[in-house]
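Residue numbers (our numbering), protein chains in the order written: chain A, 1 to 278; chain B, 1 to 278; chain C, 1 to 278; chain D, 1 to 278.
Don't take every hint at face value.
No farther apart than 16 Å at their CA atoms in a straight line, the calculated lysine to aspartate or glutamate pairs in the EDC-like style are these [what the hints assert, rightly or not]:
{"no.": "1", "chain 1": "C", "residue 1": "91", "chain 2": "A", "residue 2": "107"}
{"no.": "2", "chain 1": "A", "residue 1": "83", "chain 2": "A", "residue 2": "265"}
{"no.": "3", "chain 1": "C", "residue 1": "34", "chain 2": "D", "residue 2": "137"}
Far from chain C by the CB rule (all over 12 Å, computed), these chain A residues [stated by the list, open to error]:
{"no.": "4", "residue": "13"}
{"no.": "5", "residue": "20"}
{"no.": "6", "residue": "29"}
{"no.": "7", "residue": "36"}
{"no.": "8", "residue": "60"}
{"no.": "9", "residue": "97"}
{"no.": "10", "residue": "125"}
{"no.": "11", "residue": "129"}
{"no.": "12", "residue": "130"}
{"no.": "13", "residue": "133"}
{"no.": "14", "residue": "137"}
{"no.": "15", "residue": "143"}
{"no.": "16", "residue": "160"}
{"no.": "17", "residue": "177"}
{"no.": "18", "residue": "271"}
Derived DEER-like restraints, expressed as beta-carbon distance ranges [said to hold, decoys possible]:
{"no.": "19", "chain 1": "A", "residue 1": "71", "chain 2": "C", "residue 2": "105", "range": "28 to 34 Å"}
{"no.": "20", "chain 1": "D", "residue 1": "81", "chain 2": "A", "residue 2": "170", "range": "55 to 61 Å"}
{"no.": "21", "chain 1": "B", "residue 1": "111", "chain 2": "A", "residue 2": "73", "range": "20 to 26 Å"}
{"no.": "22", "chain 1": "D", "residue 1": "4", "chain 2": "B", "residue 2": "33", "range": "54 to 60 Å"}
{"no.": "23", "chain 1": "A", "residue 1": "180", "chain 2": "C", "residue 2": "152", "range": "44 to 50 Å"}
{"no.": "24", "chain 1": "C", "residue 1": "109", "chain 2": "D", "residue 2": "169", "range": "31 to 37 Å"}
{"no.": "25", "chain 1": "D", "residue 1": "42", "chain 2": "B", "residue 2": "111", "range": "30 to 36 Å"}
{"no.": "26", "chain 1": "D", "residue 1": "172", "chain 2": "C", "residue 2": "34", "range": "37 to 43 Å"}
{"no.": "27", "chain 1": "C", "residue 1": "243", "chain 2": "A", "residue 2": "197", "range": "35 to 41 Å"}
{"no.": "28", "chain 1": "D", "residue 1": "242", "chain 2": "B", "residue 2": "55", "range": "23 to 29 Å"}
{"no.": "29", "chain 1": "C", "residue 1": "224", "chain 2": "B", "residue 2": "273", "range": "38 to 44 Å"}
{"no.": "30", "chain 1": "A", "residue 1": "135", "chain 2": "C", "residue 2": "68", "range": "55 to 61 Å"}
These are calculated hints, taken from the structure and not from any lab test.
Note that beta-carbon positions come from the ideal geometry of N, C-alpha and C, so glycine has one too.
So you can see what is in the structure, the chains are spelled out below.
Protein chains: 4
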Amino acid sequence: MTKFLTVLVDCPDEKGLIYKITGILYNRGLNIIKNREFVDADSNRFFMRTEVEGEANVPSLQEELVSVLPQQSKIKVVSDRRKKLVILVTKENHCLGDLLVRNHFKEWNADILAVIGNYDVLKNFTEKFDIPFHFVDAAETSRDAHEQALMKVINEYAPDYLVLAKYMRVLTPEFVKHYEERIINIHHSFLPAFMGGHPYRQAYLRGVKIIGATAHFVNNNLDEGPIICQNVIPVDHSQNAADMARAGKDIEKIVLAQSLKLVLEDRVMLSGNKTVVL
Amino acid sequence: MTKFLTVLVDCPDEKGLIYKITGILYNRGLNIIKNREFVDADSNRFFMRTEVEGEANVPSLQEELVSVLPQQSKIKVVSDRRKKLVILVTKENHCLGDLLVRNHFKEWNADILAVIGNYDVLKNFTEKFDIPFHFVDAAETSRDAHEQALMKVINEYAPDYLVLAKYMRVLTPEFVKHYEERIINIHHSFLPAFMGGHPYRQAYLRGVKIIGATAHFVNNNLDEGPIICQNVIPVDHSQNAADMARAGKDIEKIVLAQSLKLVLEDRVMLSGNKTVVL
Amino acid sequence: MTKFLTVLVDCPDEKGLIYKITGILYNRGLNIIKNREFVDADSNRFFMRTEVEGEANVPSLQEELVSVLPQQSKIKVVSDRRKKLVILVTKENHCLGDLLVRNHFKEWNADILAVIGNYDVLKNFTEKFDIPFHFVDAAETSRDAHEQALMKVINEYAPDYLVLAKYMRVLTPEFVKHYEERIINIHHSFLPAFMGGHPYRQAYLRGVKIIGATAHFVNNNLDEGPIICQNVIPVDHSQNAADMARAGKDIEKIVLAQSLKLVLEDRVMLSGNKTVVL
Amino acid sequence: MTKFLTVLVDCPDEKGLIYKITGILYNRGLNIIKNREFVDADSNRFFMRTEVEGEANVPSLQEELVSVLPQQSKIKVVSDRRKKLVILVTKENHCLGDLLVRNHFKEWNADILAVIGNYDVLKNFTEKFDIPFHFVDAAETSRDAHEQALMKVINEYAPDYLVLAKYMRVLTPEFVKHYEERIINIHHSFLPAFMGGHPYRQAYLRGVKIIGATAHFVNNNLDEGPIICQNVIPVDHSQNAADMARAGKDIEKIVLAQSLKLVLEDRVMLSGNKTVVL
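The following block holds chain A by itself, in its conformation from the complex (with noise of 0.2 Å):
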């Protein structure tokens, strides 16, 4: 029995979805608050995220969706309890700070269980906060046994995402497929201009007047997943590369911030490499 339910559909398109939904949620007495619908014509598919207030039998209600929704639909009824996060780190303190700051007064309906740093540099800012600080180092060790290190930390605390806020190192595929779709990146950049590394020092060297930051999910290619939000600022020639990482900053942790909080409210679908936000 709960109080709050999001329910989400994804689907193939045909006429007399949203009715066949809402009859469901009409006759359990559910009251829908907020409700969004996208077809999405390329791949002729259907998603819809639906809010409700009531009380209801979650098993039943999704056992009922899926009795009258086609084959091959993912439905999901996701109740309000609170999610789980572990932040990745380097050594850079923005995006983090933000983050936890945030946190600190409670800003989502998630906690940020614990910190993990492929350097010790952000660890006290983060236990200033009483969160957890593990520090994996990736010196002297193959690529492979770090991830199985950061593994073994990350599933201890079971998290629902795991938050990249500027780390700085490739996963492997094999990494990311242990977290499917619940890995979200904040990259320097407006992606797809300059993916990989120093994207700042690109951008200065192209002579953009527009910088930006994007966050995505992370797949199996680099800088290539979803992305959830983007935003730009305005440079000129008088700002070098430093001065453009400096500016790209507060973009940064904002559009991360934002991501974090779309995810989270289980705003965020996904249609093949893009995101639905609805």
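Place chains B, C and D on chain A using the hints.
Frame of chain A, contents of chains B, C and D only:
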């Protein structure tokens, strides 16, 4: 019998509305292409805009919707006929130029039937596009007589909407009530800052770092009608009032065109003095 | 003797000013790193900001500049000593959190010496960063007595600037004149729209499509001091006043930090009630 | 003898440049209206743009500047004569329409002398504005022959700048070198993202949340010339490639017009493959 329809509902909120409305559409074999809803918690009103495809008897559909929805519902079923526009101008050319080019290349499902000016400086320009221009002089005549003359010209064209494309005279409540919820104005500030005359001069004197433009429906109170779109651009100390006015023209014309597009697509509903854009 | 200096000139405009000023710098062997000028045509004042590198006798340089510039010139030669800040807060944490993180990681050539609150809810948070927090209660005391108590604490730290990081009490002209041109406030609207209290509530009721934040120097008239930076974000009908307030926090903290950076770099000069940012 | 001049200097950086240049202007009784400088620390070049008012012998002024500035300086003294433009188009009308309206109302200190199209669909529209339209067919002819034909038409007008207002054919290096640093193109993406063809299709497939437009000088490498202006707008999952293309038109035309304004005011200097906008 029609092929494409837009169903607009504005009614007191209650459980089951989406279910009931989509049920009617489903049973008539209509396919929902786009659907958006919104509940205004303050006024407890439910707003819904649904685009459907298929053969429909419009009066019968409208009647059936009335029969299942609460009293005090406003229901509109809109066909895709081309809408009719009349433009009012004074001396400035940028908004008019932008609208005439868009109209010439048939960017909207609508047609500009005529342009009316209280000066004649834009007459030759307008006529290049084979659109009639009516000079309705406001000099040496009473406000009342001028508005009577305006209405005489306007009503010959029976427009769906009047667009004030930098029309620099205040319209009386008597005039406005003849075209209720059908007059769109562009104001050259981010309202409610700098209402009334010379907003760029006001902005310059205040030393703002951002200037804006606002498109809104006209009601009885000058510059206080429901806002449709706003946009802004950065300015700095090096720009005087004339520089700001020049820079502002680009957002004025874009904001007006964007608002008009939304209105012509029947995406703008009114909720008190606010717009709901679905 | 100094290594880096910033020369600030604000004087009546006349021919040859740049030539005379740069001549003095050249003859002293100083290298110009950055130079920006502006002439305010309305007030006929010339503004110049020049960063130089080299060994300089500051009083002698200042004296020589005075000797060649017109009467009624304001000339400042600023060394690169670290500046001192005191922060005032009420209950909201987002601006304070952002400033404390930046200060902790030494983002500026300045230090936060203390935080003062008229509530004590941010005391524990502030002390995590090893910054003293002073609770100066405003309850059950006169406005005058409260401001006297504030000034007593502030003056112990002899700050260069006071930063009102969502300090929600109005300061009297008597208080303000003790820190003339040295108090920076963040207001949660794009001023001059929505001055005074509850700007997000006002914005929601007006149905705006953009909300903003404004950092400004505080003068005697509430929310009417010289604007340093402004920024905005789009909103829509689906956001109520509380949603807007939440969304606005991100731009409030960024705009405040950007303004503070400009002020700390001596890039903000005053021209009447406007700022010239060089 | 001239009344308004713009002095442009691009030279190796050294101490005393501003002093020397402004000294020459001061001794000739010229009044500096606007002055901006920039030192590119990477290339160690100094850039300066100065607007002066007064009577000046241009060749003599130029000669005196050469005599005091380092070798390898580029010095231009530009009078305020009206500049000449030729526009190249293919089929899209929005950029051309915007430029023709601005030209018609004499927004710039420049004139459009002719429009050239590789299709004739914009001929009637162009001629409404009393501007000659030349159809230079690219079908059934070699690239070389087509460019020869283009150049023949262009050179009759001896334009200062060529503006590619959605000209959808690649120009060869041979063609480009005839108009070095004088061809301005608008590309419908925020370069360097989505170079080459169909950028909106690429943007849609990548699932970006922001699309953009870039105006740049054309050099030998397609879409890689020095960027003058860029701007962006938000998009979301509900917009397909055609929707993005439609939405993008508004920023394309504004970015192109803004860039052209900067170029026509002699505010854009080149530093390698980057622009310095003073």
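**OP:** Starting from the hint list further up, note which numbers the structure goes against and sort them upward.
**Re:** When the structure is compared with the hints, numbers 3, 7, 9, 10, 11, 12, 19, 21, 23, 24, 25 and 29 turn out to be violated.
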